[in-house]
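Each chain, written out:
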Amino acid sequence: MKNKYSIFSLIKNAFSYHENWEKAWKDPKPKKEYDVVIIGGGGHGLATAYYLAKKHNMKNIAVVEKGWIGGGNTGRNTTIIRSNYLWDASAGLYDHALKLWEGLSQELNYNVMFSQRGVMNLAHNLQDVRDLKRRTHANRLNGIDAVYLNTEEVKKFCPIINTSPDIRYPVLGGTLQKRAGTARHDAVAWGYARGADEMGVDIIQNCEVKGIKRNGDAVDGIETTKGFIKTNKIGVVAAGHSSVIANMAGLKLPLESKPLQALVSEPVKPIIDTVVMSNAVHAYVSQSDKGELVIGAGTDDYISYSQKGSHDIVEGTLNAILELYPIFSRMRMLRQWGGIVDICPDASPIISKTSIKGLYFNCGWGTGGFKATPGSGDLFAHTIANDEPHKLNAAFNLNRFVSGDLVDEHGAAAVAH
Amino acid sequence: MFLINCPFCGEREQSEFKAGGEAHIVRPKQPTELSDDQWAEYLFMRKNIKGIQFERWNHIHGCRKWFNMVRDTSNDEIKAVYKMGEKPPIK
Numbered sequence: 001m002k003n004k005y006s007i008f009s010l011i012k013n014a015f016s017y018h019e020n021w022e023k024a025w026k027d028p029k030p031k032k033e034y035d036v037v038i039i040g041g042g043g044h045g046l047a048t049a050y051y052l053a054k055k056h057n058m059k060n061i062a063v064v065e066k067g068w069i070g071g072g073n074t075g076r077n078t079t080i081i082r083s084n085y086l087w088d089a090s091a092g093l094y095d096h097a098l099k100l101w102e103g104l105s106q107e108l109n110y111n112v113m114f115s116q117r118g119v120m121n122l123a124h125n126l127q128d129v130r131d132l133k134r135r136t137h138a139n140r141l142n143g144i145d146a147v148y149l150n151t152e153e154v155k156k157f158c159p160i161i162n163t164s165p166d167i168r169y170p171v172l173g174g175t176l177q178k179r180a181g182t183a184r185h186d187a188v189a190w191g192y193a194r195g196a197d198e199m200g201v202d203i204i205q206n207c208e209v210k211g212i213k214r215n216g217d218a219v220d221g222i223e224t225t226k227g228f229i230k231t232n233k234i235g236v237v238a239a240g241h242s243s244v245i246a247n248m249a250g251l252k253l254p255l256e257s258k259p260l261q262a263l264v265s266e267p268v269k270p271i272i273d274t275v276v277m278s279n280a281v282h283a284y285v286s287q288s289d290k291g292e293l294v295i296g297a298g299t300d301d302y303i304s305y306s307q308k309g310s311h312d313i314v315e316g317t318l319n320a321i322l323e324l325y326p327i328f329s330r331m332r333m334l335r336q337w338g339g340i341v342d343i344c345p346d347a348s349p350i351i352s353k354t355s356i357k358g359l360y361f362n363c364g365w366g367t368g369g370f371k372a373t374p375g376s377g378d379l380f381a382h383t384i385a386n387d388e389p390h391k392l393n394a395a396f397n398l399n400r401f402v403s404g405d406l407v408d409e410h411g412a413a414a415v416a417h
Numbered sequence: 001m002f003l004i005n006c007p008f009c010g011e012r013e014q015s016e017f018k019a020g021g022e023a024h025i026v027r028p029k030q031p032t033e034l035s036d037d038q039w040a041e042y043l044f045m046r047k048n049i050k051g052i053q054f055e056r057w058n059h060i061h062g063c064r065k066w067f068n069m070v071r072d073t074s075n076d077e078i079k080a081v082y083k084m085g086e087k088p089p090i091k
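Chains as they are written, first to last, in our numbering: chain L, 1 to 417; chain H, 1 to 91.
Just so you know, the hints here were simulated from the structure itself, not pulled from any lab data.
It is possible that part of the hints are untrue.
[What the hints assert, rightly or not] Partial selection, computed: residues in chain L whose CB lies under 8 Å from chain H: (1) L253; (2) P254; (3) S257; (4) Y302; (5) S306; (6) S310; (7) H311; (8) R332; (9) P345; (10) F401; (11) S403.
[Stated by the list, open to error] Covered by chain L, according to a simulated footprint, are these stretches of chain H (three or more residues, beta-carbon under 8 Å): (12) 36 to 50; (13) 79 to 90.
None of these values were measured; they are calculated from a predicted model.
For glycine and all other residues, C-beta sits at the position ideal for the given N, C-alpha and C.
For reference, chain L alone in the conformation it holds in the complex (with noise of 0.2 Å):
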């Protein structure tokens, strides 16, 4: 039993230097065989060993990661949390995210920093004030809260915009979903790690999958780098490289991999309490809690694994941010970088079973994956110990690609993948 973190706990190891603390997860040598295997260290996979343990009493789980835990994505977005997507089966799946994240400190006993500081989607042409009304309505009719703001609205929610009717894009109005916000990401792969660590899950880090074996039509285990893991379930949860991993077990996914930036400025006072997202000219900020702005551009078009991007990207994301918030002119930036994110033909996720006996798939979240960390898991530890998907991820099957049951959110959900 792991000592729980309070304000005592924190007190105590102060009279030691915080040189004291327990360690959060072990670091354990792979056994020769277990239950379950989740390829991929990040918040989705952590998550999923964390809900299997959890929920489906499974013990004999480990999580291999070939870089260190929430060296992935999970380290590199830009934090936001929302669900105001437009599509039913969207809706359900990320609302019940959401709803997880409301008590995930609790849950985990460890701060993830969740901030309810709303999320506003702008308007900046006649169509997008159709589109985001429509969304609105939809989203009210799932139980989902959304308001539309006009420009004064706007304008009051979050003073810094410029909403000069004079600029290229003017701000026409927006939408509101005041649940929605931020959280810190290291922490959500930290909180699930050593909750998951404790309940005897091995997370073993530096540990790349080579390959998959097969027994006929069912899995039979890993290779890897720290030699072979006997399994009849994999989870695959690794993001960019899912096709990597399909590729090893002769799978082909519909998915490509793209590189998509993210950069963050000098730490200022706080100017910004909200997250303001702009889907026509692509920007999105918010401010961290150290007081850095954080910005997120976009994928660019073509294939890469480098996680790099292209400075015409981010200039485009930054000259859209100028015209918006003429009050940062003066801000430089501090870092930029980018992550591979694997994108779907409708920018919906799979969260699914596959031909191969024992072999699922969670991946194809695109550009928006974080913000479905914790339902995500559950829905995918769900599927694995039953066998079978969840109602709130039957949706995002395979198979979509096949019957042609796709659940289109290219552009429909609240900002352009």
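Put chain H on the given structure of chain L with help from the hints.
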């Protein structure tokens, strides 16, 4: 960002080009004969290779012509550029 040697215009910045995805996916000769699985394979399933990839590009802010490229997607290094209809210069 990288430089691309357009087979028609010469070396230009990548921002002048549009990527067109995986190359050499042959359009079905008899679409009416295709099963749903075959349609899914043709429309959606992609190799999405980490490593040497054969792909299509269009010089949209230049000659607007399509051409093929061989590129290492793990580091964006371009191995070869060749015209539509030509055989890839490397395997």
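Hint numbers contradicted by this structure: 8 and 13
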